[in-house]
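Student: Here are the chains, one letter per residue:
Protein chains: 2
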Amino acid sequence: MSGDERFLKVVRGEGEADLLLVGGKVVNVFTGEISERPVAVCQGRIAGFGERPARQVVDLRGSFLCPGFIDGHVHIESSMVSLPEFARAVVPRGTTAVVTDYHEIANVLGAEGLTYMMRLAEGLPLDVLVMLPSCVPATPMETAGAVLEVEDLLPLRSEQAVIGLGEVMNFPGVIQGDPSVWAKLEAFRDLPVDGHAPGLRGKELDAYLAAGVESDHECVDLEEAREKLEKGMYIYIREGSTAKNLEALLPLVDSHTRDRCLLVTDDKQPEDLLVDGHLDAVLRKAVERGLDPVTALRMVTLNPARRFRLARRGGIAPGWWADLVVLEDLRGFRALKVFKRGSLVAEEGAFLEPRRPAPPAPGAVKIDWNGLPPLDIPARGERVRIIGVIPDQIITESLVEVPRVEEGRVVSDVSRDILKACVFERHRGTGNLGLGLVRGFGLRQGALASTVAHDSHNLVVVGVDDRDILAAARRVEAMGGGQAVARGGEVIAELPLDVAGLMSTLPLEEVAARVQGLQEAAWALGCPLREPFMALSFLALPVIPELKLTDRGLFDVGSFRHVSLYAD
Amino acid sequence: MSGDERFLKVVRGEGEADLLLVGGKVVNVFTGEISERPVAVCQGRIAGFGERPARQVVDLRGSFLCPGFIDGHVHIESSMVSLPEFARAVVPRGTTAVVTDYHEIANVLGAEGLTYMMRLAEGLPLDVLVMLPSCVPATPMETAGAVLEVEDLLPLRSEQAVIGLGEVMNFPGVIQGDPSVWAKLEAFRDLPVDGHAPGLRGKELDAYLAAGVESDHECVDLEEAREKLEKGMYIYIREGSTAKNLEALLPLVDSHTRDRCLLVTDDKQPEDLLVDGHLDAVLRKAVERGLDPVTALRMVTLNPARRFRLARRGGIAPGWWADLVVLEDLRGFRALKVFKRGSLVAEEGAFLEPRRPAPPAPGAVKIDWNGLPPLDIPARGERVRIIGVIPDQIITESLVEVPRVEEGRVVSDVSRDILKACVFERHRGTGNLGLGLVRGFGLRQGALASTVAHDSHNLVVVGVDDRDILAAARRVEAMGGGQAVARGGEVIAELPLDVAGLMSTLPLEEVAARVQGLQEAAWALGCPLREPFMALSFLALPVIPELKLTDRGLFDVGSFRHVSLYAD
Numbered sequence: 001m002s003g004d005e006r007f008l009k010v011v012r013g014e015g016e017a018d019l020l021l022v023g024g025k026v027v028n029v030f031t032g033e034i035s036e037r038p039v040a041v042c043q044g045r046i047a048g049f050g051e052r053p054a055r056q057v058v059d060l061r062g063s064f065l066c067p068g069f070i071d072g073h074v075h076i077e078s079s080m081v082s083l084p085e086f087a088r089a090v091v092p093r094g095t096t097a098v099v100t101d102y103h104e105i106a107n108v109l110g111a112e113g114l115t116y117m118m119r120l121a122e123g124l125p126l127d128v129l130v131m132l133p134s135c136v137p138a139t140p141m142e143t144a145g146a147v148l149e150v151e152d153l154l155p156l157r158s159e160q161a162v163i164g165l166g167e168v169m170n171f172p173g174v175i176q177g178d179p180s181v182w183a184k185l186e187a188f189r190d191l192p193v194d195g196h197a198p199g200l201r202g203k204e205l206d207a208y209l210a211a212g213v214e215s216d217h218e219c220v221d222l223e224e225a226r227e228k229l230e231k232g233m234y235i236y237i238r239e240g241s242t243a244k245n246l247e248a249l250l251p252l253v254d255s256h257t258r259d260r261c262l263l264v265t266d267d268k269q270p271e272d273l274l275v276d277g278h279l280d281a282v283l284r285k286a287v288e289r290g291l292d293p294v295t296a297l298r299m300v301t302l303n304p305a306r307r308f309r310l311a312r313r314g315g316i317a318p319g320w321w322a323d324l325v326v327l328e329d330l331r332g333f334r335a336l337k338v339f340k341r342g343s344l345v346a347e348e349g350a351f352l353e354p355r356r357p358a359p360p361a362p363g364a365v366k367i368d369w370n371g372l373p374p375l376d377i378p379a380r381g382e383r384v385r386i387i388g389v390i391p392d393q394i395i396t397e398s399l400v401e402v403p404r405v406e407e408g409r410v411v412s413d414v415s416r417d418i419l420k421a422c423v424f425e426r427h428r429g430t431g432n433l434g435l436g437l438v439r440g441f442g443l444r445q446g447a448l449a450s451t452v453a454h455d456s457h458n459l460v461v462v463g464v465d466d467r468d469i470l471a472a473a474r475r476v477e478a479m480g481g482g483q484a485v486a487r488g489g490e491v492i493a494e495l496p497l498d499v500a501g502l503m504s505t506l507p508l509e510e511v512a513a514r515v516q517g518l519q520e521a522a523w524a525l526g527c528p529l530r531e532p533f534m535a536l537s538f539l540a541l542p543v544i545p546e547l548k549l550t551d552r553g554l555f556d557v558g559s560f561r562h563v564s565l566y567a568d
Numbered sequence: 001m002s003g004d005e006r007f008l009k010v011v012r013g014e015g016e017a018d019l020l021l022v023g024g025k026v027v028n029v030f031t032g033e034i035s036e037r038p039v040a041v042c043q044g045r046i047a048g049f050g051e052r053p054a055r056q057v058v059d060l061r062g063s064f065l066c067p068g069f070i071d072g073h074v075h076i077e078s079s080m081v082s083l084p085e086f087a088r089a090v091v092p093r094g095t096t097a098v099v100t101d102y103h104e105i106a107n108v109l110g111a112e113g114l115t116y117m118m119r120l121a122e123g124l125p126l127d128v129l130v131m132l133p134s135c136v137p138a139t140p141m142e143t144a145g146a147v148l149e150v151e152d153l154l155p156l157r158s159e160q161a162v163i164g165l166g167e168v169m170n171f172p173g174v175i176q177g178d179p180s181v182w183a184k185l186e187a188f189r190d191l192p193v194d195g196h197a198p199g200l201r202g203k204e205l206d207a208y209l210a211a212g213v214e215s216d217h218e219c220v221d222l223e224e225a226r227e228k229l230e231k232g233m234y235i236y237i238r239e240g241s242t243a244k245n246l247e248a249l250l251p252l253v254d255s256h257t258r259d260r261c262l263l264v265t266d267d268k269q270p271e272d273l274l275v276d277g278h279l280d281a282v283l284r285k286a287v288e289r290g291l292d293p294v295t296a297l298r299m300v301t302l303n304p305a306r307r308f309r310l311a312r313r314g315g316i317a318p319g320w321w322a323d324l325v326v327l328e329d330l331r332g333f334r335a336l337k338v339f340k341r342g343s344l345v346a347e348e349g350a351f352l353e354p355r356r357p358a359p360p361a362p363g364a365v366k367i368d369w370n371g372l373p374p375l376d377i378p379a380r381g382e383r384v385r386i387i388g389v390i391p392d393q394i395i396t397e398s399l400v401e402v403p404r405v406e407e408g409r410v411v412s413d414v415s416r417d418i419l420k421a422c423v424f425e426r427h428r429g430t431g432n433l434g435l436g437l438v439r440g441f442g443l444r445q446g447a448l449a450s451t452v453a454h455d456s457h458n459l460v461v462v463g464v465d466d467r468d469i470l471a472a473a474r475r476v477e478a479m480g481g482g483q484a485v486a487r488g489g490e491v492i493a494e495l496p497l498d499v500a501g502l503m504s505t506l507p508l509e510e511v512a513a514r515v516q517g518l519q520e521a522a523w524a525l526g527c528p529l530r531e532p533f534m535a536l537s538f539l540a541l542p543v544i545p546e547l548k549l550t551d552r553g554l555f556d557v558g559s560f561r562h563v564s565l566y567a568d
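These protein sequences, in sequence, are chains A and B.
Numbered according to the numbering used here, the first sequence terminates at residue 568, and the numbering increases by one at each position without gaps.
Numbered according to the numbering used here, the second sequence terminates at residue 568, and the numbering increases by one at each position without gaps.
Hints listed in this document are in silico derivations from the structure and should not be mistaken for laboratory results.
Warning: the hint list may mix true and false statements.
Said to hold, decoys possible - Okay, derived cross-link-like pairs now, PhoX-like style, lysine-lysine, Cα gap no bigger than 25 angstroms in a straight line: (1) K9/B with K203/A; (2) K203/B with K203/A; (3) K25/A with K203/B; (4) K285/B with K25/B; (5) K203/B with K9/A.
Stated by the list, open to error - Here are some chain A residues the structure puts well away from chain B; computed CB gaps all over 12 angstroms: (6) T257; (7) R356; (8) A524.
Claimed, not checked - So the derived label-pair ranges between C-beta atoms look like this: (9) P172/B with Q160/A: 30 to 38 angstroms; (10) V22/A with L274/B: 34 to 42 angstroms; (11) R61/B with S559/A: 44 to 52 angstroms; (12) E353/A with D190/B: 25 to 33 angstroms.
Note that beta-carbon positions come from the ideal geometry of N, C-alpha and C, so glycine has one too.
All chains, full assembly: derive it from the sequences and hints.
Tutor: Shown next as C-alpha cells:
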C-alpha cells in the first residue's frame, strides 16, 4: 500500500492531483468515442476524469489526448543509434513504448548484448519491452558472434523487460520439427511468441502455426495476410524504411478484424526517423489512405498492449500509466506534448530530458590481420560465379562469367562492373575469410566496408583493389565497428558503430549526416545504387536467394549449400 | 517433439488425420466470416483445412461448426451438483470450458475445498479454469469455514488450473486501501483479476480500478456498464438463473466495444440447466434480441479466451485445441455434436462419457447440539426488529413490531407471518447461534432449513416452532449438509448436499426434482414465495441491505453493525 496511499486518496477525490490536463479531446480507445473531459494524473498514473484540485493545470486548448503509442515490432539496431538516442528520436513523436527483438546485437554479442541493451533501457522515458531472439544464429551456414539455445534464453525470462519470444525466423526448422527451435517454442509457450514467415501459406503455414507462433509482420500481399488472419494470427502491418506494406494490407482492417491488427515499423533508418518520424508517420499515412483515425490509434495503443499483455498501458483509464500524447489533430498526428508516467518528456518535437550518452560495447570486432590469408583469388579454370546485385532488392542473381585475370589471380574488372567482395569473420578471430565477386556496385575505384551485415554481421567489403579493401576494413576495425569508404588507400567517409558494430554512440543527427556522407562518397566512386550500404549489408545473408557470400565462402541459397567460386 | 511429430506430419499433409469434419459451415471468429470447408483434427488439435486422408470422416450436413463455448464467469456450486454432473449438464450444450471462482466452497472448506474441486476436474471433457477466491470470508461479521489470506492463495498459484484472482467483492476495502485485499491484488498483478462492483460509479469506481481490477459482471443498467467500459473494464454481460442483465446491456455491444464484452451465466440453478441450458440459452436470447450471431459467438469463444489468456482456445485454427461444437443453426444454437480435444463427447444433447461419481466432501457440518443454547428468545421490552423478506429480491426490509409472547418467550405468530429464524454456525462447532424473526415466508406450520446460505453458508432455518426447526436442522446435519422441510416433527422433503453442504453427489435430474419437491413442500406449508430456499439462502448475507441474521446475531447493513433483536 504505502506508495499507493496518496494515489488512492487522490483518485477518491480527497487530495490534490499532480497534474490536471484540461481542454483536451480525450480519445477513448475502448469505445471509439472522443469527448472533452479533464484528466487527472497522480504518481505517474491516471487518477480519474473531471475537475479536481491539482498542483499543475495544463490547458490542451482543444488538441487531442491519446494513449502513448506502442510499436509492437521494431529493431532498435536498425536506427544505428544507441538506445537513448533512439528514445530521443521516437518519444517526441508520441511513442512511449516499443516491443523489440534484439536479434542483431544478439548475433554479435549474444546474451551479453541483450543485457547491455536492457540495462541501457532502464530509466529512459520509453518502455523497451523485449521479445527474446529465437534464431541466433539465423543459419548454421556462417559464423555469428553467438549461439543462443533454449538454455541461454531461459535465464533471461526473469528479466523484467522480457515479455516473450521474438520472431521465429527459422520457419523451415519449425515446419520440419527441428528440436532446437521447438525447445524454445515449448519453453515460451505461456508467453507471446512472434512469427516471421514471408510468403508462407497453406499446409506449411499450418505447421508453423501448430508450433504456437502467433503473429506475422512479413505479409506483403492481402491474400497472404487474410489467410494468416483467418488462421488466428495477429497481423502486424509494417510500414518502415525498407518494407512498406501499409497500402497493400489496409483493406484487411474492418470492424471484425481490427482488434487482431497492429501497425508497426520493424526497421527505421536514421534519416527516416529524423525526417519522417516513427509511428506518427504510419498513422498519418494510414489515415490519409482512409483508415478511421481512432481505429488507427487503437492499432498502436490498446491492440499492442493487449497482444503483448502490457498491463495498464494502451488506454486512458483510472490506474493506468499516464503515458500520453497530445496531438494537434488526427490527420497529421503531430505530437505537441508527450507525457511519460505523468511527466512531460517532449514538447513540440523537442526531447526535454538531458542527452544520455551510451557506453560503447567494445570488443565486437576481432580480426587477426596477421593470421589472415592474403586476399588473392587464384585463377583456376575458365569461369567463375558472380553475385548479381539487383537494385533496391535484397535478393541477388547467380551469374557466371569469365573473370579478368592478372598474374594468375582473379581481379576486379571495373569495365564490366565485376568487383571483389570479402567477408571477414569478425567475432571470434577465426581468420575465416570468404572471397567472391559481385556485379552491381559499379565502383570505378575504392572500396566500401561495413560491420552491419545481416544476420551474422561479419565485416563485408566490396572494392576495386586490395589496398582500398584493406584500408576500409582496417578503419572499420579501428572504430570498433562501423562503415567506411576508402579511395586511393585513404578513408574518405566513415561512421563509427562502436556498439557491437551495429549502432553508434554519436547523436542521431550526426549519424544521419554520416550515413548520407557514406552514400555520397559511394556514389562519387561510381556506385549507381540508391542505398549502397543496404545492398552491402544484405550481400552476406544466406537465407535470401540466390547467391550470397559468407565468411565460409559463396553460398547458393537455392541448393542451400556452399559452392565454389569456380564454375567449371 | 516426440508427441508432436505425428501431429506435425499430418498438418503438413503427409499423414492420415484422426478426424475430418466435412460439410460444415465453419464460423471464423477472427474475421466474422462463415465458409464451408473441411476441418482436420489430429491428436486433439486442429490440423488444418481442406480435404485430406483421415481415419474417420464425419459429415456435418450443412450445420455450423464453431469453437466450443467458454463461460467466463460461473459459480459451479450454484448448480448444486458435483463437478462431473455439472460437466454432464453443460458440455452437451456446447460448453467446453468454464472460468470459475470457487468462492462458495472456499467459504466452507478453504483451500482444501479448492483442491477437492481441482482434482475432481481432472480428466473431465470440460476445462475448468480457476480464478482464486479473493474474499473469503466475504465479511468479518459472521463465522465462515475458512479465511484465505494472500499467504493461503500464493501456493495455489502454481496449480495448472489457476489463471487469476476471482471477483474482488470487497470493493469498500479496495477503495479504502485495506491491506489484506491490496496484498492479494499485488500478488496477482500479473494475472487476470476479476471484479464485482454492483452500482459502483464515479470516483469510487476509479479507486477500485486503480487497484488493478479489470472486469465487472454486476452491471444492471446501461449507463453504469458504459461508464465501466469507458474506464477500461471488460464487461461480462450476465444472464443466469437469478440475475438477468442481457436485455438491459445489449445496447452496449457495438463494433468498437464488442471485443471488450463477454456473455456469462454467473449462476445457473439445476432446473434451469436442465431445461433452459447453459451458454446456448444466452446465445439464443441475445440473437433473438437482435445481436449478430457471429458477434454473440465471439463473446463466448475468442473474447473470453483472450481476456483470460487461454492459449489455443476460442477459435478454429491450426494447432488450436479441437474443442468444437456443431450447431443446428445460429438462432436456436442447438448443439448437435460436441468435440473435446477432438473426441466426440456429446451428441444430440446426450453426454457420451460414462457417469463419473463424485466423492462426498464430508465433515462440512459440525454442530455440537449439546453445547448449543436453547432456541428460546426471552421477551424483553415491547418491540423487536423483524427481517422483512421482499419477494424475488435479495434485499430485505428492517421492520419493527410487537411480537407474540408466550410464557416469557418471543414465539412465531403465523397470523401476522412472523416466524422464528435461526443461523447455526456449522463450520467449527463454536456453538454460535443467531436468533431472529422474519416476515415473508408465510409458513402456517413446519420449518425450512438449508446449509446454502451466502456467503458463509452457515445453517439457516426458518420455522413456526422449535420442534420443526430442530427436526429440519438435524436432518440437514445428518445428510452432511443439504436442505430440508419439516412438518409435525417429520422431514417431508429433503436434498442432501454432501459436498460441503453446497452440492449434491446425486444426478442433476434427481437434484432438480428434489429442489422442486422442496419448493412444493414449502408452498404446501403456506409459503407464498416463488423460490423459498433462495430467500432462505440470502437471509444470512450481511453485505446486502437491510437487516440480516448471522451466526452472531442480527446485522444492520446500513449502519454496518450488529444490532439487538430488541428495538426499544
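Student: Going through the numbered hints above, which ones does this structure break? Give me the numbers in ascending order.
Tutor: 2, 6 and 10
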